[in-house]
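Heads up: the sequence lines are chains A and B, in that order. According to the numbering used here, the first sequence holds residues 80 to 291 in order. According to the numbering used here, the second sequence holds residues 80 to 291 in order.
These are calculated hints, taken from the structure and not from any lab test. Backbone N, C-alpha and C define an ideal beta-carbon position, used for all residues, glycine too. Incorrect hints may have been included.
Unchecked claim - If you only want the chain B side, here are some residues facing chain A, beta carbon under 7 Å, derived:
id : residue
1  : L157
2  : K158
3  : L227
4  : K267
5  : Y283
Number of protein chains: 2
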Amino acid sequence: MKQAKISEAVVKRLPIYLRYLLHMQQMQIHTVSSQHIGKVLDLNPAQIRKDLASFGEFGKKGIGYDVDYLVEKIRHILKLDREIAVVLVGAGHLGHAISNYNAYLKDNMRIAAIFDADPAKLGTQIAGIAIQPLEELSETIATRNIRLAIITVPAPAAQKVADQLIAAGIEGILNFAPISIRTDRDVKIYNADVTSSLQSLAFYLNEKKEIT
Amino acid sequence: MKQAKISEAVVKRLPIYLRYLLHMQQMQIHTVSSQHIGKVLDLNPAQIRKDLASFGEFGKKGIGYDVDYLVEKIRHILKLDREIAVVLVGAGHLGHAISNYNAYLKDNMRIAAIFDADPAKLGTQIAGIAIQPLEELSETIATRNIRLAIITVPAPAAQKVADQLIAAGIEGILNFAPISIRTDRDVKIYNADVTSSLQSLAFYLNEKKEIT
């Protein structure tokens, strides 16, 4: 399988390229250089060329990349050229907030079902989607062909919910609970971590501004 | 400046190392190999050794890294060994959710003030912090020595809020609005992007499970 060679770091950068390329499409720009993308996205042009070359050479020296072709290619590699149903578990503040992103999800990706353990929330809706009890999780995932999951439950509940999702056949999990979820099954898990991002930002604090 | 050599990719991985090392400290484990960290965090051991070597050699061949020393070193490099006050702008669902992460923020980092444009929210509290009007933003940032910001306002308001924060002297911004924030000033901006993470996850969907 050719795609196995693409590193996780590249996979994480592809959506960033895609987002900017879609912006260029809107602006009616048809050709772009790695220098330009690098400048806008604050990345090394050589890194961009290397990333894009990892799934075939299709930039032209001195001319650059064809925007439409690159969009199509990246969408295909990321498997965004098909319908992908997503389930969200945890209808608290974060679940609400992420459901509201639904309007920004592109490329046939949609939150299709929302679950919560709290009986008081059942039957209420978020962004037009009825909240279901966890007991219906497996059946809904199977019958609606849901393949990715977002976890927005509190930390103590996250691993158990993940285990349920994995048992139900979910192939990838984006976890927002502030705890690392583990599995020995062949399921991709991203632990989104607000604190990590803040810690990385701290690196860039200006030492000259320190009050010591 | 020595730290200028540390790449952004390394800076983003350091908090991930730190989180696992803190876990090891709790488990009373005092020495760790790059092989072990790599296995747990799903990273190449050679990459880990290279990352950690970028701020000085302090692993010992055949013995590994001293956990306590590495924690101290990473916290120092990330500037987490000092008090860092953070401001959050946007007291909607996402703002609520992130304020609730405050208990998980380690290393002297704390959300110290919350702002919102909606007059109806003023005076109410999130996690014990009173919501203030945007008019007080600059003064609060200055008097309370706030250096980092989290943006959780709707997309159309995000750039304007960022401009205000930057004008007020904020040095780093973690933006959750689904729009890329730009600046020509020397301020580090991370555009947290839920949709990008989901798109990356899609890459790992199992093609054998496709219903075509």
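Here is how each hint holds up against the structure:
Interface hint at L157(B): satisfied, since its Cβ lies 5 Å from the closest Cβ of chain A, which is below the 7 Å cut-off. Annotation: interface hint on K158(B) holds; nearest CB of chain A at approximately 5 Å, less than 7 Å. Here the hint on L227(B) is kept, as its CB sits about 6 Å from the closest CB of chain A, short of 7 Å. Hint on K267(B) holds. Least Cβ distance to chain A is approximately 4 Å, under the 7 Å limit.
At a threshold of 7 Å, the smallest CB-CB gap from Y283(B) to chain A is about 4 Å, leaving the interface hint in force.
Comparing the model with each earlier hint shows no violations; every hint is respected.
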